[in-house]
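Just so you know, the sequences run in chain order R and V. Numbering-wise, the first sequence is residues 1 to 281 according to my numbering. Numbering-wise, the second sequence is residues 282 to 562 according to my numbering.
Treat the hints as calculated values from the structure; they're not laboratory data. Small disclaimer: the values here were computed from a predicted structure and weren't measured. Certain hints may be false.
Below, in silico cross-link-like pairs of lysine-lysine (DSS-like), each with a Cα-Cα straight-line distance of 27 Å or less [what the hints assert, rightly or not]:
1. R/K46 x V/K327
2. R/K22 x V/K299
3. R/K158 x V/K299
4. R/K18 x R/K158
5. V/K478 x V/K506
6. R/K197 x R/K179
7. V/K303 x V/K400
8. R/K47 x V/K303
9. V/K299 x R/K47
10. R/K18 x V/K328
11. R/K208 x R/K149
12. V/K299 x V/K395
13. R/K149 x R/K221
14. V/K303 x R/K22
15. V/K327 x R/K18
16. V/K460 x V/K327
17. V/K400 x V/K539
18. V/K551 x R/K114
19. V/K367 x V/K395
20. R/K158 x V/K286
There are 2 protein chains.
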Amino acid sequence: MKTVKTAAEMRGIVREAKRDGKSIALVPTMGYFHEGHLSLIREARKKCDVLIVSIFVNPTQFDPSEDYERYPRDLNRDEVIAERGKVDFIFAPDVSEMYSSGYSTFVEVEGLSKVMCGKNRPAHFRGVTTVVAKLFNLIEPDTAYFGQKDAQQVVIIKKMVSDLNMGVEIHVCPTVREKDGLAMSSRNAYLNEEERKAATVLYRALLKAKDEIIRGDKLLKFIRKEITEMIESEKLARIDYITIVDPENLQEIAGIDKPVLIAIAVWIGKTRLIDNIIVNL
Amino acid sequence: MKTVKTAAEMRGIVREAKRDGKSIALVPTMGYFHEGHLSLIREARKKCDVLIVSIFVNPTQFDPSEDYERYPRDLNRDEVIAERGKVDFIFAPDVSEMYSSGYSTFVEVEGLSKVMCGKNRPAHFRGVTTVVAKLFNLIEPDTAYFGQKDAQQVVIIKKMVSDLNMGVEIHVCPTVREKDGLAMSSRNAYLNEEERKAATVLYRALLKAKDEIIRGDKLLKFIRKEITEMIESEKLARIDYITIVDPENLQEIAGIDKPVLIAIAVWIGKTRLIDNIIVNL
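Chain R on its own, in the form it takes in the complex (with noise of 0.2 Å):
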């Protein structure tokens, strides 16, 4: 395995393979690796032939308030666990390198980023969009893999590649959980222990809206209800959204009458965290 640093390199590697007939698969990341990171990793090593993982804090994703600074990283870390997964190229890039002074071009999504985590996010998802543009024009990927934890980037990104005529097959893979529910988060490192308990509170809301829809509960008022009484009982968490949309465009429904996306986002303290589930009638 081998970390490149510059765009330049990557290109070349890439080229390179390319002109051997090799198929190449892309895991965007933002580093710091956790077993949902590794499920990615894992998918995609099975069905390409050279692997590239990109790794790459991204500051235009993050608003000014956020934690872009603070956010985990711990390269050392992630080579020893890329390596163990076989991947074959770790794209690493400082800052200047992917934005360089002056640099002033952005891809949007309209619509459907200014919703949900977009909502009080409003940079958020361009940011999104641009990095993984640049990514996919520089390692001109086959296939690229995403989490379904990021319910909307998935639309978003799906929507991005259809829209743009982008050469790249896009692959979800289900969220990975810790044993008690709660979705594999870099984020998760902010949480305290009294925190991290709090914070299982996310799916099991879910689970419980989940159970009431396949049981037969169909009132979209009530479903709401149920999840935002559930977050509510734990003094810790204070709802930021909650959403019940069509999972193919993220569009607000009048009623429960096809699978739906039930997506989440919750403040656990000073952390915030996202989940989701798709309820299949």
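Position chain V relative to chain R; hints supplied.
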């Protein structure tokens, strides 16, 4: 030569060519070919295995009040000309093929897109960069050819390619002119006889300015006044803008002490024409 109408067929052709190790050149156009387009086609033909010319009057780069509907189109004529120019494929998609219902992704080069031609045409360059990004993603060209006549477009596309790590080399070909100096443009077709004569004032004003600079007049104010006076002496002409900027980044300059781009936009009757000249000191 073959005319391709769908993105799927175009991608299939490109992927097969790439598998065979062939190089691809793209000349993106809005059709209604004139000698300017042909100069791009000839230049591109020399240096690639597969030459693709796209013909697409792109609605997103026209502001609502503009001439999208009446922009001249003649695919049959363009096909004959392209065949003579040894073009391999014309890509001529319908609007619905490029912008499906619910289309919502845009690429924008901020800053540069709002000056000069972008000042009075706020959505124009966003439309250009979006459609060019789509064509680059779909056709994956090694090289793409643009005309210097659209000086601002050239700077913006180069910036997009660099910022977004696109793996395409941009070639810029000199402006092609009629015998009397008028820059070739599909929009020249809008001019009546009297307007056609008046339109020569653009290039005459640029040449006068160049001449003054070379003779030693380096005061921006003076040069601008010369150009303004000459254009205003033509009664059918109305100035949209006159700018003297750094040709690399379109930044305003304080004085003329290195190569400058003089770019102008002038209404001749109801037709807006642009032209430019680079003066190397």
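Status of each hint after checking the structure:
1. R/K46 x V/K327: violated, 42 Å
2. R/K22 x V/K299: holds, 12 Å
3. R/K158 x V/K299: holds, 24 Å
4. R/K18 x R/K158: holds, 24 Å
5. V/K478 x V/K506: Between V/K478 and V/K506 the Cα gap is close to 22 Å, so the pair holds against 27 Å.
6. R/K197 x R/K179: holds, 12 Å
7. V/K303 x V/K400: violated, 41 Å
8. R/K47 x V/K303: holds, 26 Å
9. V/K299 x R/K47: With a Cα-Cα distance of about 21 Å, the restraint between V/K299 and R/K47 holds, given a limit of 27 Å.
10. R/K18 x V/K328: Holds. R/K18 to V/K328 sits at ~21 Å (cutoff 27 Å).
11. R/K208 x R/K149: Cα-Cα ~18 Å, so holds.
12. V/K299 x V/K395: violated, 37 Å
13. R/K149 x R/K221: holds, 24 Å
14. V/K303 x R/K22: Holds: V/K303 and R/K22 sit about 16 Å apart, inside 27 Å.
15. V/K327 x R/K18: holds, 24 Å
16. V/K460 x V/K327: holds, 26 Å
17. V/K400 x V/K539: holds, 25 Å
18. V/K551 x R/K114: violated, 39 Å
19. V/K367 x V/K395: violated, 37 Å
20. R/K158 x V/K286: holds, 23 Å
Hint compliance for this structure: hints 1, 7, 12, 18 and 19 are broken, all remaining hints hold.
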